[in-house]
Amino acid sequence: MNAPTYNFAYLDEQTKRMIRRAILKAIAIPGYQVPFASREMPMPYGWGTGGVQVTAAILGPDDVLKVIDQGSDDTTNAISIRKFFGKTAGVATTTSTTDATVIQTRHRIPEAELHAGQVLVYQVPIPEPLRFLEPRETETRRMHALAEYGLMHVKLYEDIARFGHIATAYAYPVKVNARYVMDPSPTPKFDNPKMDNCAALQLFGAGREKRIYAIPPYTTVVSLDFEDHPFTRYRFDAPCALCGADNSYLDEIVTDDRGGRMFVCSDTDFCEQRQAAGHHGTESAAPHKEKAHV
Amino acid sequence: MTAMIELTDAQKTFTMHLQGGVELPVVRGVSFHVGPGECVVLSGPSGAGKSSILKMIFGNYRCDSGRIGIRHRGSVIDLATAEPRQVLSVRRSTIGYVSQFLRAVPRVATIDVVAEPLIVNGVAREEARARAGALLRRLNIPERLWSLPPSTFSGGEQQRVNIARGFISDLPILLLDEPTASLDAANRAVVVELIAEKKTRGVAMVAIVHDDEIRHLIADRIVDVTSFAAAA
Amino acid sequence: MSEPSHLDNDEPLLVAEGLAKNYGPIAACREVSFALYPGEVLAIVGESGSGKSTLLQLLSAQLAPSAGRVSYRMRDGVLRDLAGLGEAERRFLFRTDWGFVHQDPAQGLRMAVSAGANVGERLMAVGWNHYGRTRDTASTWLERVEIDVGRIDDAPKTYSGGMRQRLQIARNLVTEPRLVFMDEPTGGLDVSVQARLLDLMRNLVSELGLAAIVVTHDLAVARLLSHRVMVMKGGRVIETGLTDQVLDDPREPYTQLLVSSILPP
Numbered sequence: 001m002n003a004p005t006y007n008f009a010y011l012d013e014q015t016k017r018m019i020r021r022a023i024l025k026a027i028a029i030p031g032y033q034v035p036f037a038s039r040e041m042p043m044p045y046g047w048g049t050g051g052v053q054v055t056a057a058i059l060g061p062d063d064v065l066k067v068i069d070q071g072s073d074d075t076t077n078a079i080s081i082r083k084f085f086g087k088t089a090g091v092a093t094t095t096s097t098t099d100a101t102v103i104q105t106r107h108r109i110p111e112a113e114l115h116a117g118q119v120l121v122y123q124v125p126i127p128e129p130l131r132f133l134e135p136r137e138t139e140t141r142r143m144h145a146l147a148e149y150g151l152m153h154v155k156l157y158e159d160i161a162r163f164g165h166i167a168t169a170y171a172y173p174v175k176v177n178a179r180y181v182m183d184p185s186p187t188p189k190f191d192n193p194k195m196d197n198c199a200a201l202q203l204f205g206a207g208r209e210k211r212i213y214a215i216p217p218y219t220t221v222v223s224l225d226f227e228d229h230p231f232t233r234y235r236f237d238a239p240c241a242l243c244g245a246d247n248s249y250l251d252e253i254v255t256d257d258r259g260g261r262m263f264v265c266s267d268t269d270f271c272e273q274r275q276a277a278g279h280h281g282t283e284s285a286a287p288h289k290e291k292a293h294v
Numbered sequence: 295m296t297a298m299i300e301l302t303d304a305q306k307t308f309t310m311h312l313q314g315g316v317e318l319p320v321v322r323g324v325s326f327h328v329g330p331g332e333c334v335v336l337s338g339p340s341g342a343g344k345s346s347i348l349k350m351i352f353g354n355y356r357c358d359s360g361r362i363g364i365r366h367r368g369s370v371i372d373l374a375t376a377e378p379r380q381v382l383s384v385r386r387s388t389i390g391y392v393s394q395f396l397r398a399v400p401r402v403a404t405i406d407v408v409a410e411p412l413i414v415n416g417v418a419r420e421e422a423r424a425r426a427g428a429l430l431r432r433l434n435i436p437e438r439l440w441s442l443p444p445s446t447f448s449g450g451e452q453q454r455v456n457i458a459r460g461f462i463s464d465l466p467i468l469l470l471d472e473p474t475a476s477l478d479a480a481n482r483a484v485v486v487e488l489i490a491e492k493k494t495r496g497v498a499m500v501a502i503v504h505d506d507e508i509r510h511l512i513a514d515r516i517v518d519v520t521s522f523a524a525a526a
Numbered sequence: 527m528s529e530p531s532h533l534d535n536d537e538p539l540l541v542a543e544g545l546a547k548n549y550g551p552i553a554a555c556r557e558v559s560f561a562l563y564p565g566e567v568l569a570i571v572g573e574s575g576s577g578k579s580t581l582l583q584l585l586s587a588q589l590a591p592s593a594g595r596v597s598y599r600m601r602d603g604v605l606r607d608l609a610g611l612g613e614a615e616r617r618f619l620f621r622t623d624w625g626f627v628h629q630d631p632a633q634g635l636r637m638a639v640s641a642g643a644n645v646g647e648r649l650m651a652v653g654w655n656h657y658g659r660t661r662d663t664a665s666t667w668l669e670r671v672e673i674d675v676g677r678i679d680d681a682p683k684t685y686s687g688g689m690r691q692r693l694q695i696a697r698n699l700v701t702e703p704r705l706v707f708m709d710e711p712t713g714g715l716d717v718s719v720q721a722r723l724l725d726l727m728r729n730l731v732s733e734l735g736l737a738a739i740v741v742t743h744d745l746a747v748a749r750l751l752s753h754r755v756m757v758m759k760g761g762r763v764i765e766t767g768l769t770d771q772v773l774d775d776p777r778e779p780y781t782q783l784l785v786s787s788i789l790p791p
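Chains as they are written, first to last, in our numbering: chain A, 1 to 294; chain B, 295 to 526; chain C, 527 to 791.
Incorrect hints may appear among the rest.
Unchecked claim - Only pairs whose alpha carbons sit at most 16 Å apart, straight line, appear in this in silico EDC-like list of lysine to aspartate or glutamate: (1) Lys155(A) x Glu537(C); (2) Lys87(A) x Asp63(A); (3) Lys155(A) x Asp680(C); (4) Lys87(A) x Asp99(A); (5) Lys493(B) x Glu332(B); (6) Lys175(A) x Glu113(A).
As the list claims (entries may be wrong) - Covered stretches of chain C, going by a simulated chain B footprint (3 or more residues, C-beta under 8 Å): (7) 690 to 699; (8) 780 to 786.
What the hints contain is simulated information worked out from the structure, not anything from laboratory work. Even for Gly, the Cβ is constructed at its ideal location relative to N, Cα and C.
With the hints as extra help, turn the sequences into a complete structure.
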């Protein structure tokens, strides 16, 4: 019996053309939010329907797809999206950042430097960086049009007034190509510098909000700040417990109910590559080994 | 000699629209002049229009016809037809007005109430306050009251503050509406002195005073307002 | 004696010519013409529905007139028709050279954002990129409007009505505008709070040499704040002149009615 057949990468060709037109416009106007006719996808909002539509529109048969969720290739969201495209497009999938041609991501930018020809597709929940202070969409669009961005600094001011430093740790606003202020999706601000002058094309898709925006390769991306409170990256002050990396973004993992914890790379591919190359942290990757023995 | 104030055939009527449009003639044919260093006292019974004439010269009451010539910064301006901002300019740099009652500004210290006309005309705050203090002292307002707003003062004290505010500027014309009304003898004498000093500086003054003795002391000329009475 | 130059400037700051606004057959405002000079405070008085708020919106370019025009002397000295300004220019004017004090402070403030950021927003909007300097300037302005600097990090939703109104004034004046529009600035405040606010506004206006257009139905506000008054009725200006002249010697029946309706102080 034949399985139901899907059009290549699930979406019909007209829809993909519509999305590609939005993407082209987004690339032409870096950081500008282009409206598009977001479709219902066979997964709930919040699971990356925007990113999935962008990926579907750009995927070709020869592409190699990687999907990460919070840096990890093997969480539910990453696995189901990878399977989705494996099934509907039949493309090759990988966990290797370097080998992938299209990387769909939720909340992280890989540690390995991206190279020319790659596309990084972000899943975006709320594309409008001005929304938290100005709820009127008509007004925020006008503010973008006229580059009135004083409000972004109001947000940063509030952080410093309240916490003594800019406490915004993720979805940290950036200015793209010295023009549009953009929400980089809820990536940690640790990743912000990776967006600047990046060799890969970066595409952002917000399904529920029906917006697509882009950063073309080698575009200037500056994190907003104050002269006397400059932008700083943030990571836990520890090496990765598994691979010993001291320059990667770390996840905190609670190991018992007595306050024990460890820090490991959030980017699983990066961490595994390092371990394979002989780097070690204070802990071995024991849980994996135990599993392997079962 | 050039007159500082020259009224020609000035006329004023109130139309009381709320009383069925009753016309209430106040004065007509008002003509007199005041030269520099001269104090003209308006005389006449209550209701003859003395205060109205003073208010017309100040631009507070509008003038229906005739002319109110004021020498302002070297040329003559007709207040009967002047633009509001010209009237304001005349009030800032030519005409001062000492009314019977202080229109108190809430919360402003007495010393600043008195100093304000100088500050508005560009005198440094410290100098203005020093001059205000000297004048208040002369008018027997104790120093401990200077930092309080005058709205808390007695009627006589308020009037003296008002006099200080009116006399502090070096304006070439002063209008005095009962400046000594509720003052004791000592303070009345101070006001008479102040008026005499203004005369020596060439200030032209128009005054209303009911006290015969004071009138005799300050008046160079008396204009009887009865002849302008426009009673229908 | 030297005079503050702004009071004798002969070049008008704002000029209205034959302004009118119709809503269908209803004329909300008609044939309004006047010139406002630097440092001059004009009060527009009249009862509800007289057209004074419509006029304020026309003058501040928030509403397009049905006829006539408003011109404003930009900082470069050129008198420009407001209808000819691009939206960016108009909004920039609104954020820098103009202020707008609303009757309801919630309309003019960001109620959930700290007082400091409320005051600092206009500065940051014109490119101030230094937290310390922005905050220092905000503190200075809070002092000037008599708000305890210790409350700088509190949001205006925790402030009293009078404090909110003073904060709104600080927020508007921080860019040193030359013209401030005020729509019933003391409306809805207790009498004692009103007096303090009026006194503060009076001082700020004279210290900064601000021109202001104040819409009010309260003749006491007009008397205390303004040099000049325009009385409106049925969308028309029926009487205009020096404030004390209009209030002490009102000519029009309606103005006499307004003046006679005030309780004696």
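Taking the hints in turn, this is what the structure says about them:
no.: 1; hint: Lys155(A) x Glu537(C); verdict: violated (41 Å)
no.: 2; hint: Lys87(A) x Asp63(A); verdict: holds (14 Å)
no.: 3; hint: Lys155(A) x Asp680(C); verdict: holds (14 Å)
no.: 4; hint: Lys87(A) x Asp99(A); verdict: violated (20 Å)
no.: 5; hint: Lys493(B) x Glu332(B); verdict: holds (6 Å)
no.: 6; hint: Lys175(A) x Glu113(A); verdict: violated (21 Å)
no.: 7; hint: 690 to 699; verdict: violated (count 0)
no.: 8; hint: 780 to 786; verdict: holds (count 3)
Violated hints, listed in ascending order, are 1, 4, 6, 7; each of the other numbered hints is respected by the structure.
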